[in-house]
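Listed here are the chains, written in short residue letters.
There are 2 protein chains.
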Amino acid sequence: MEKKSLDFIEFITSRKSTRNFIFEEIKKETLENILECGRWAPSGLNNQPWRVCVAEHPLLKKMLADTTEYGGILESAYYNLVIFLELDKTYNRVKDLQAIGAFMENILLGAHALGLGAVWIGEILNNKEKVNEIFKLSADKYELMGVIALGKIDKQMEAKKEKERTRRFLDDFVEWY
Amino acid sequence: MEKKSLDFIEFITSRKSTRNFIFEEIKKETLENILECGRWAPSGLNNQPWRVCVAEHPLLKKMLADTTEYGGILESAYYNLVIFLELDKTYNRVKDLQAIGAFMENILLGAHALGLGAVWIGEILNNKEKVNEIFKLSADKYELMGVIALGKIDKQMEAKKEKERTRRFLDDFVEWY
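Line order of the protein sequences matches chains D and A. If you count the first sequence from 1, you need to add 589 to reach my numbering. If you count the second sequence from 1, you need to add 589 to reach my numbering.
Chain D extracted, bound-state conformation:
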């Protein structure tokens, strides 16, 4: 395999969740580069049914933190990317949710590309009505899909709390015909 190809495969497979952040400014332009990765995600009929509310203000992050068990992570991250499904743009429930998954993964990979840490928080969906209220978004128009907490990696804490990354082996989920 070519060196460059190998680098790219290694890049994708080495992405992992970061839950410990150092509070340090991340410039808007840096985050825009990461969001560009989401922007180019695939979606059915290219409908791009996503909306992102970027929370940088500490008070806003505190309000979000209060809606989830993982509030500490949201507060310590520099940005909270609050991702909604824009219901006016949807056309097929399965495909729209898959598109959001591809969009969020591209954002996680974008953070990884820049050496930043990120984690996908899904548990916040238990309080999705409250999150809509925080942003004054009607639940008829926008459905919460998840939050990505993003910030500079606290490498020391991450090393300390490191758990083995586990996945099913290919043989367990792939069949060849």
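There could be a bad hint or two in this list.
Remember, identical chains collapse to one label, so a pair may be satisfied in a single copy or spanning two.
[Stated by the list, open to error] Calculated lysine-lysine pairs in the BS3-like style (CA-CA distance at most 30 Å, straight line): (1) K725 <-> K752; (2) K678 <-> K750; (3) K593 <-> K651; (4) K719 <-> K744; (5) K592 <-> K617; (6) K717 <-> K678; (7) K678 <-> K752; (8) K593 <-> K725; (9) K592 <-> K741; (10) K725 <-> K750; (11) K651 <-> K749; (12) K592 <-> K725; (13) K605 <-> K593; (14) K752 <-> K651; (15) K730 <-> K617; (16) K750 <-> K616; (17) K749 <-> K730; (18) K730 <-> K744.
It is worth saying that the hints were derived from the structure and are not from the lab.
Given the structure of chain D, go ahead and fit chain A onto it with the hints provided.
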């Protein structure tokens, strides 16, 4: 931005669908590298609710091709990756479908990493029962999520049929707080 970071961002944002393939063998080991990218996708509670049936045999690809308007693409691709949701592993419909989206996007990026072409076919969901029958998979256990057609890119045909890639601008879907 560091050169390597820039390369990775450019890698993610430059991925696009390939619909024209040259029929040429792609080794199983190569596809395994691509599937590894899917393997490391994130999922809620790390439930990894995916299953892939890899169709390489021409007769099988023909049967799949007969279930979709895009049959020509499936037949001309070297592999058809038929992706199912393993219902016994699911726990939350929204998060499970998002995980499948992340999984499929990682596979598309894996193909891109190796300079191969791929396209996500969602329209086949209109005939999902037939696809289950082809693989003798019970619909109570496995739900079709989509097919990825994968093969060597026919660069000449792709250039000829090239359409402008379009996406909403960041300003259209991002709000800053």
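How the hints compare with the structure:
1. In the homo-oligomer, the alpha carbons of K725 and K752 never lie at most 30 Å apart, since the shortest distance is 38 Å inside one protomer and 38 Å across protomers.
2. Only between protomers do K678 and K750 lie at most 30 Å apart by alpha-carbon distance; the minimum there is 27 Å, versus 41 Å within a single protomer.
3. In this homomeric assembly, K593 and K651 never come within 30 Å of each other (Cα to Cα): the closest approach is 42 Å inside a single copy and 34 Å across copies.
4. In this homomeric assembly, K719 and K744 never come within 30 Å of each other (Cα to Cα): the closest approach is 33 Å inside a single copy and 49 Å across copies.
5. When the C-alpha separation of K592 and K617 is checked against a cutoff of 30 Å, the pair qualifies only between copies, where the shortest distance is 19 Å, while the shortest distance within a copy is 32 Å.
6. With identical chains, the CA atoms of K717 and K678 are at most 30 Å apart both within one copy (19 Å) and between copies (24 Å).
7. In this assembly of identical chains, K678 and K752 lie within 30 Å of each other by CA distance solely across copies; the values are 22 Å between and 39 Å within a copy.
8. In this assembly of identical chains, K593 and K725 lie within 30 Å of each other by CA distance neither inside one copy nor across copies; the values are 45 Å within and 40 Å between.
9. For a Cα distance limit of 30 Å, the shortest separation of K592 from K741 qualifies both inside one copy, at 28 Å, and across copies, at 19 Å.
10. In the homo-oligomer, the alpha carbons of K725 and K750 never lie at most 30 Å apart, since the shortest distance is 37 Å inside one protomer and 44 Å across protomers.
11. For the identical chains of this complex, K651 and K749 are intra-copy neighbours only, at 26 Å inside a copy versus 52 Å across copies, given an alpha-carbon limit of 30 Å.
12. Proximity of K592 to K725 under the C-alpha cut-off of 30 Å is found in neither arrangement, the shortest distances being 48 Å within a copy and 40 Å between copies.
13. Within a single copy, K605 and K593 get their C-alpha atoms as close as 21 Å, and across copies as close as 18 Å, so both meet the 30 Å cut-off.
14. For the homomeric pair K752 and K651, the shortest alpha-carbon distance inside one copy (27 Å) is at most 30 Å, but the shortest distance between copies (45 Å) is not.
15. For the identical chains of this complex, K730 and K617 are intra-copy neighbours only, at 27 Å inside a copy versus 45 Å across copies, given an alpha-carbon limit of 30 Å.
16. For a Cα distance limit of 30 Å, the shortest separation of K750 from K616 inside one copy, 27 Å, qualifies, whereas the shortest one across copies, 39 Å, does not.
17. Taking the shortest alpha-carbon separations for K749 and K730, neither the intra-copy value of 42 Å nor the inter-copy value of 40 Å comes in at or below 30 Å.
18. Taking identical chains as interchangeable, the C-alpha atoms of K730 and K744 are never at most 30 Å apart, the minima being 39 Å within one chain and 41 Å between chains.
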